[in-house]
Amino acid sequence: MGADKKILISGYYGFDNSGDDAILKAIVKDIKRIGEDVRIIALSNNPSCTEEIYGIEAVNRFGIKGVVKAIKDCDLFISGGGSLLQDVTSTRSLLYYITLMKLAKLYKKPVMVYANGIGPINRNINRVLTRNILNKVDLITLRDEDSKIFLEELGVKNENIHVTADPVFNLEPSDRAIILKILKKEAIPLDKPLVGVSIREWKDAHNLVDNMAKSIDYIGNKYNSNIILIPMHYPEDLSISYDILNKVSGNNCYVLSNKYSVE
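Using our numbering, the letters of the sequence shown correspond one by one to residues 1 to 263.
Rather than coming from a laboratory, the hints here were simulated on the basis of the structure.
Quick reminder that beta carbons are idealized off the backbone N, C-alpha and C, glycines included.
Heads up, some of the hints might be wrong.
[Claimed, not checked] Calculated lysine to any residue pairs in the SDA-like style (CA-CA distance at most 20 Å, straight line):
id	residue 1	residue 2
1	LYS157	ASN135
2	LYS72	LYS29
3	LYS69	ILE98
4	LYS29	PRO47
[Stated by the list, open to error] Ranges of calculated distance between the beta carbons of each label pair, as one might list FRET restraints:
id	residue 1	residue 2	range
5	GLU152	SER48	40 to 46 Å
6	ASN122	ARG33	33 to 39 Å
7	ASN207	PHE169	28 to 34 Å
8	ARG39	GLU186	35 to 41 Å
9	SER198	ILE149	34 to 40 Å
10	THR91	GLU152	19 to 25 Å
11	ASP37	ASN207	50 to 56 Å
12	THR91	ARG176	42 to 48 Å
Go ahead and model the full structure; you've got the sequences and the hints to work with.
This is the structure:
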């Protein structure tokens with residue numbers, strides 16, 4: 001029997017971001033479902049934690065030598081899930097993911113863009129760099145139709161582009177007993193329907209807190225429901241969640257204040 005194939009996955013992993021952690025969990029699950037004779041390696045900000053949680057290998061995403069070696073040794077490079085190719089977060093973030101794909105192609109590795117949401121990409125040079133690398137990768141799958149339209153507007157001519165769905169839709173829902181235990185711990189009542197809201201603070205969203213507080217009041221009153229603010233990036237999203245909570249006029253809003261696994 002030959003050696004196991006090595007699949008290297010790049011993404012925003014190991015930063016305690018529930019959304020990206022769920023994406024990695026879903027990708028790993030999908031790969032293992034297809035075949036067991038693979039070694040999965042992820043580039044992570046916290047390799048030991050990633051290895052422990054997902055049962056895979058991990059490499060420090062900021063260790064240049066380790067990253068280059070992992071790319072040279074892999075049989076497939078995956079730029080995995082989420083909104084990796086955008087410059088709203090920063091140009092540096094975009095260039096990081098582009099550079100990894102360029103290195104993989106330099107070492108003649110097949111490269112797959114896995115169920116990404118692409119854009120926005122505002123700076124002209126960033127648009128050119130993104131177009132160039134996406135025209136060279138072997139397969140692009142997208143999680144939404146808008147991303148495909150954006151790539152067309154960007155001038156990407158890659159013929160192997162497919163719209164699929166976000167990988168996390170393949171995850172099984174958590175056991176109801178676990179959910180009830182969390183709600184009890186957070187003192188969230190079950191007397192009304194629950195509406196979950198995930199908040200992220202954006203630099204240019206000056207009126208976000210006021211507008212979200214008004215929206216929560218409206219939803220709670222109109223649908224007689226309790227609203228749960230769910231921080232996806234812990235603890236960074238806690239601050240704005242509590243800012244909104246303090247602006248809500250009713251007593252039907254709660255913050256999920258503790259960190260929980262994506263399961």
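Evaluation of the provided hints:
1. This hinted pair checks out: LYS157 and ASN135 have alpha carbons roughly 6 Å apart, not beyond 20 Å.
2. Proposed proximity of LYS72 and LYS29 is contradicted: the alpha carbons are some 24 Å apart, above 20 Å.
3. Distance check on the hinted pair: LYS69 and ILE98 sit about 17 Å apart at the alpha-carbon level, within 20 Å; holds.
4. The suggested pairing of LYS29 with PRO47 holds, with an alpha-carbon distance near 18 Å, which does not exceed 20 Å.
5. Between GLU152 and SER48, the C-beta spacing of about 41 Å keeps the proposed range 40 to 46 Å intact.
6. Range check, ASN122 to ARG33: Cβ separation about 37 Å, and the 33 to 39 Å hint holds.
7. Distance hint check for ASN207 and PHE169: the Cβ-Cβ separation is about 32 Å, which falls inside the suggested range of 28 to 34 Å.
8. For ARG39 and GLU186, the hinted distance range of 35 to 41 Å is satisfied, since their beta carbons lie about 38 Å from each other.
9. Taken as a hint, the range 34 to 40 Å is violated for the pair SER198 and ILE149, whose Cβ atoms sit roughly 24 Å apart.
10. At about 23 Å, the beta-carbon gap between THR91 and GLU152 stays in the expected band of 19 to 25 Å.
11. One distance hint, 50 to 56 Å for the beta-carbon pair ASP37 and ASN207, holds here, with the actual separation near 53 Å.
12. Distance hint check for THR91 and ARG176: the Cβ-Cβ separation is about 44 Å, which falls inside the suggested range of 42 to 48 Å.
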